[in-house]
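In case you want the letters, here they are:
4 protein chains.
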Amino acid sequence: MGKVRVGIAGATGYIGSEMMRLLCTHPGFELAWVTSESSAGKRVAEVFPNLRGYVHQEFCEFKLEMLREVDMVGLCLPHGGAMETMSAIAREYPGVKVVDASGDFRSPVFDKWEAYYKTKHTARELQSRFVYGFTELQRERLRAAQYVANPGCFATAINAVLAPFARHGELVGEITVTGITGSSGSGNKPAQTTHHPERAQNVRAYKVLEHQHVVEVVPFLEGLHKDNDFDLFFVPQSGPFVRGIFVTAFIPLSNQKTMAAYNEVIRDAYGNEPFIHIVKESPELRLVQGTNNIHLAYRAQGDMLVGMAAIDNMVKGGAGQAVQNMNLMTGQEETAGLLHPAGYV
Amino acid sequence: MGKVRVGIAGATGYIGSEMMRLLCTHPGFELAWVTSESSAGKRVAEVFPNLRGYVHQEFCEFKLEMLREVDMVGLCLPHGGAMETMSAIAREYPGVKVVDASGDFRSPVFDKWEAYYKTKHTARELQSRFVYGFTELQRERLRAAQYVANPGCFATAINAVLAPFARHGELVGEITVTGITGSSGSGNKPAQTTHHPERAQNVRAYKVLEHQHVVEVVPFLEGLHKDNDFDLFFVPQSGPFVRGIFVTAFIPLSNQKTMAAYNEVIRDAYGNEPFIHIVKESPELRLVQGTNNIHLAYRAQGDMLVGMAAIDNMVKGGAGQAVQNMNLMTGQEETAGLLHPAGYV
Amino acid sequence: MGKVRVGIAGATGYIGSEMMRLLCTHPGFELAWVTSESSAGKRVAEVFPNLRGYVHQEFCEFKLEMLREVDMVGLCLPHGGAMETMSAIAREYPGVKVVDASGDFRSPVFDKWEAYYKTKHTARELQSRFVYGFTELQRERLRAAQYVANPGCFATAINAVLAPFARHGELVGEITVTGITGSSGSGNKPAQTTHHPERAQNVRAYKVLEHQHVVEVVPFLEGLHKDNDFDLFFVPQSGPFVRGIFVTAFIPLSNQKTMAAYNEVIRDAYGNEPFIHIVKESPELRLVQGTNNIHLAYRAQGDMLVGMAAIDNMVKGGAGQAVQNMNLMTGQEETAGLLHPAGYV
Amino acid sequence: MGKVRVGIAGATGYIGSEMMRLLCTHPGFELAWVTSESSAGKRVAEVFPNLRGYVHQEFCEFKLEMLREVDMVGLCLPHGGAMETMSAIAREYPGVKVVDASGDFRSPVFDKWEAYYKTKHTARELQSRFVYGFTELQRERLRAAQYVANPGCFATAINAVLAPFARHGELVGEITVTGITGSSGSGNKPAQTTHHPERAQNVRAYKVLEHQHVVEVVPFLEGLHKDNDFDLFFVPQSGPFVRGIFVTAFIPLSNQKTMAAYNEVIRDAYGNEPFIHIVKESPELRLVQGTNNIHLAYRAQGDMLVGMAAIDNMVKGGAGQAVQNMNLMTGQEETAGLLHPAGYV
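Protein sequence lines, in the order shown, are assigned to chains F, L, P and B. If you count the first sequence from 1, position 50 lands on 121 in the working numbering, and the numbers rise without skipping. If you count the second sequence from 1, position 269 lands on 340 in the working numbering, and the numbers rise without skipping. If you count the third sequence from 1, position 293 lands on 364 in the working numbering, and the numbers rise without skipping. If you count the fourth sequence from 1, position 218 lands on 289 in the working numbering, and the numbers rise without skipping.
Hints should not be assumed to be uniformly reliable.
A pair counts as met if it fits within one copy or between any two copies, since identical chains are not told apart.
[Unchecked claim] List time: in silico DMTMM-like cross-link candidates among lysine to aspartate or glutamate, alpha-carbon distance up to 25 angstroms:
id, residue 1, residue 2
1, K351, E129
2, K113, E344
3, K260, D182
4, K278, E117
5, K351, E117
6, K183, E117
7, K189, E293
8, K183, E155
9, K328, E281
10, K183, E405
11, K351, E108
12, K183, E352
Calculated directly from the structure, the hints in this document are not laboratory data.
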């Protein structure tokens, strides 16, 4: 039985290059082609010396007919840039499976989506054909999915913290969340906010109460149980590190329980998950960097529950969760190609 | 008119050494002595090469009779370690002024203090003689104070964000706060959590909902107006940088106003402050590092107000605010010795 | 055919834990036991949460009779601490293979070794039974080796730069070398020089012209050709990063050639190496971190050749090269378990 | 007696902004104007929030007639961009003093200058009117200078290490030097090499044996004594920190002496310098960051002397040394405005 043939569109971005990194040693996938506007014609290993010896191809320009050669596509195009390509794929190559790493198909709430992403959604009719790829709660739908909208990095961490309670309809009132992200989340294009002298010892907030991931988190969590009825206030922050997101959520639980009861809810959700670990003290970025893991911890005081999550924004918050979803969509072992432990430091 | 003679007890700790750094070029103070258990007999510049050419003394062991030589003492002893010394000073040298940088006299709520600090308070009778040194709201009391309890680093940032609303009795309900601190906040003694390989790319939470600064923040803010009635949920975090604290507070304001109205409240509190600046976008650690400044920003959505503060934990959150208070206590210009702009990077 | 059974002695150190990380997903080895004085009785995953799901054992205390259960031992004991254990192993379990990650058996020049390591060598008779494990130049000897002295981290990088010329007896005169290392090179025990506030934005030199790795580099390189006749001046430095060593060597070549001729020598040495890559511009730490690779670059001006190397001190400079050597010693594919590409960031 | 009126041309660059930072609290200078192409019309404090409360002006476009209002100009234009402006100033405002922070007038070796800077020198006739501003060895010439070419950052550190021996004509043979610099050395414009994800844990070399500072160091040091006869091989490197340069030089001294004799030479050169400190162990970046200090240390082995220097590239390697020179040129205390101790962390 042959390997699944996969093409990556937009492979010079950080998520695209991370997807190459994960797929090039994956036992079940074969890289058919990798595209890049800016680096077409160059060998992958020339642009990404880290992949020397692992990826032997050249980058090529994206052409629709290349879809003929693949079973599946990883779309790693800029936000707002996947809609058009996706429409063409759906029309011309209706058999191909797609995991879209952009934000384009993550939310059915188009008016908010358009407000947050500051662009017109031009492929609304396709959105409902996408399964939202927060893997651990969507497993069965993902096995059957043709199209998957891979969650955002902050969204993955926030979903992870809140989902155990969302499943029981316990999200009510005002949920307040801060999240701090590494600089790799800003992609590979230099900018003032990722200029090393200005980032290296800095913390700042941005898009305060206006981050676009809220528009995917809220409908996903609301959809898990009809009793959920909450507002989400989210303050994203930039931190002086490369990889990782640390999220802290304050969850006011109306039907107050003991920490033991909360733990029951959490274990019930994640007790057997290969990539989600409940830790005793605190999640730590360094222990998840480079991995597909989510580390979670919770503490309660009265009716206030604090939940914290740490992920690698490029792996579980990006290419890793995409591969996890690709595994499910193609009938492979869910963890295939993803079991590399982090270093302790 | 001569300079004020000041001694620093515990000057090898980071706050003590920072106090030396600020006082050694201060026009109105003269360092009479600096004490250290571990480095007694060594020249200051040998232990702190950064102070070569600025501080010419040797460290000596603390002896009570040295109080005779000074007008004022900066106590930079470990938390729990100031009570005893303070009792002796008050008894034997009742004329000497003291700024205590430890947590020992910051809170009148002794039972909570003892629970958070995990020690017995042995000088309760002295606590009421201390003015809590959050300078901008205590200015007049500080001018008259003999003893000042210098606020904690996180406490300074949280106070700064919440005080404008506390003054009007608008703090009600559940206030949720995260704060991330640099490694200098842990002091000069190496530990696993400040071991470079384990800290350099890490974020983790600690003392979740149990940080001792809450025990000084709550009574201080409650005391500003009788209508304040709130719970404070605080999650402190460790970040991979050396200096600075970034605090994010979610403030549910019952009597909802426009952002313009909130701004009025904020300007009213801080409009003319030399060290507190309201910034448009977000506070940034790098722009306050090394300075006595607080940068603040606020955003509202519905009845939820988000306030953010950035400070240098060692300066405004430690030795700088102490010197600001010393200036007031001795009739000097409040800003004396503290006007050094940060580098842009 | 079963897996090779291996025990790790001293597995709570950084090199030991890195060896666990590499072996736990290795197709050809099985971890029989892992020892730790300080953590005996604890589950590995409790001490190293990064290994949760990968290593299921508990740490145990080292006892000689445990050698019975293994084919091979990875000794990750402190420098100076392997000699005694090694003597016992050689005496009682003469069939067991050993890779020693300490410095104890890397040099036959005992007087210098004792001067640099500041201790008495108590197992001199065993030293000659050790093959020095700079893999790429010792491959055939390593296949036949029972005992291997795994090179030091700086030594690996310096060897890599100089070996192509040492093979031809071209090392003459005064070779000057600087190397900068990440904080993980100092091990897991907190100290002032790895205290985050003091390390995070710092560079300093240490053991200037007195680093112990010189005592293994010089005899190894001299041994490659009788015409080599050089002095090595080495200045090691501490940098503000976690993983990696960057070495710069100035090599005065007496029989001056063109850069093209030098390149011939270099390609001849490393042209087909899976883990050694010659790069065009400069080696970069980030492109080797987490991998077993060495990136090298050379530039010439007149008779001065500059060679530069980047490695991960914990992998190629430690546990990775050890596993590479274990692979050879046990007849496995040399690259087994070591082919994980680095992230681009 | 009034303050010296100074204008800064190119004040939005890092060196320009650092010059504003140093001059805005300086007792003897008054900022007449600060120019910026990109930010003309904006308040300085808007672009540099760190200078809020310190600099009250707006940026303006540079116009030659503004020279009328000043006694002195700090030119902080890009390399290659000062020549033309300087020609106009010399022609139209022959009485104005200038400190040029660019590389344009640092070297009389025009052919090499043009090769290194990859541009034509269009103001050769002016070069000889510039005094090279390595302050400590040029003090008397600087007091009388009208035009000063402020040394490069690497050049300052290399000069500092080598000058004590250059003064005695002891620089002979092949001197090999590595230097590692912080990211602020690359200026304020984002680029791939200063993109945080790619810089934050990286070390790489660049311009190997081809750095333009060699073209100022060699003639300056040669000029100190006729017996100097050496080649300088310099490998600059980029480090993962913001401020600072650490330089290591290997100096083969022909007339071999004891370390005690070397120390005599060094003390003789720098024994009474306010900004140059000889340290026992190693220079450390963190102890000079933000200051105008140079920390130096030396070690010898046989006829090889190793010298090391640490500076802040933005202060002693840029704006600080410029202000030190401005002080001398205007008859002020050399240290005026520059005595701010570094923090210990």
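How the hints compare with the structure:
1. Taking CA atoms no more than 25 angstroms apart as the test, K351 paired with E129 passes between copies only; the shortest distance there is 18 angstroms, against 46 angstroms inside one copy.
2. Taking the closest pair of Cα atoms, K113 and E344 come within 25 angstroms of each other only across two copies (23 angstroms); inside a single copy the shortest separation is 40 angstroms, beyond that limit.
3. With identical chains, the CA atoms of K260 and D182 are never at most 25 angstroms apart, being 29 angstroms at best within one copy and 37 angstroms at best between copies.
4. Taking the closest pair of Cα atoms, K278 and E117 come within 25 angstroms of each other only across two copies (20 angstroms); inside a single copy the shortest separation is 36 angstroms, beyond that limit.
5. In this assembly of identical chains, K351 and E117 lie within 25 angstroms of each other by CA distance solely across copies; the values are 10 angstroms between and 43 angstroms within a copy.
6. For the identical chains of this complex, K183 and E117 are neighbours neither inside a copy (41 angstroms) nor across copies (32 angstroms), given an alpha-carbon limit of 25 angstroms.
7. Taking the closest pair of Cα atoms, K189 and E293 come within 25 angstroms of each other only inside a single copy of the chain (24 angstroms); across copies the shortest separation is 42 angstroms, beyond that limit.
8. In this assembly of identical chains, the alpha carbons of K183 and E155 lie at most 25 angstroms apart only when taken from the same copy (20 angstroms versus 54 angstroms across copies).
9. Taking identical chains as interchangeable, the C-alpha atoms of K328 and E281 lie at most 25 angstroms apart only when they sit on different chains, with a minimum of 19 angstroms there against 32 angstroms within one chain.
10. For the identical chains of this complex, K183 and E405 are neighbours neither inside a copy (33 angstroms) nor across copies (49 angstroms), given an alpha-carbon limit of 25 angstroms.
11. Proximity of K351 to E108 under the C-alpha cut-off of 25 angstroms is restricted to the inter-copy arrangement: shortest distance 24 angstroms between copies versus 46 angstroms within a copy.
12. Taking the shortest Cα distances, K183 and E352 sit within 25 angstroms of each other only across copies (23 angstroms), while inside one copy they are farther apart (37 angstroms).
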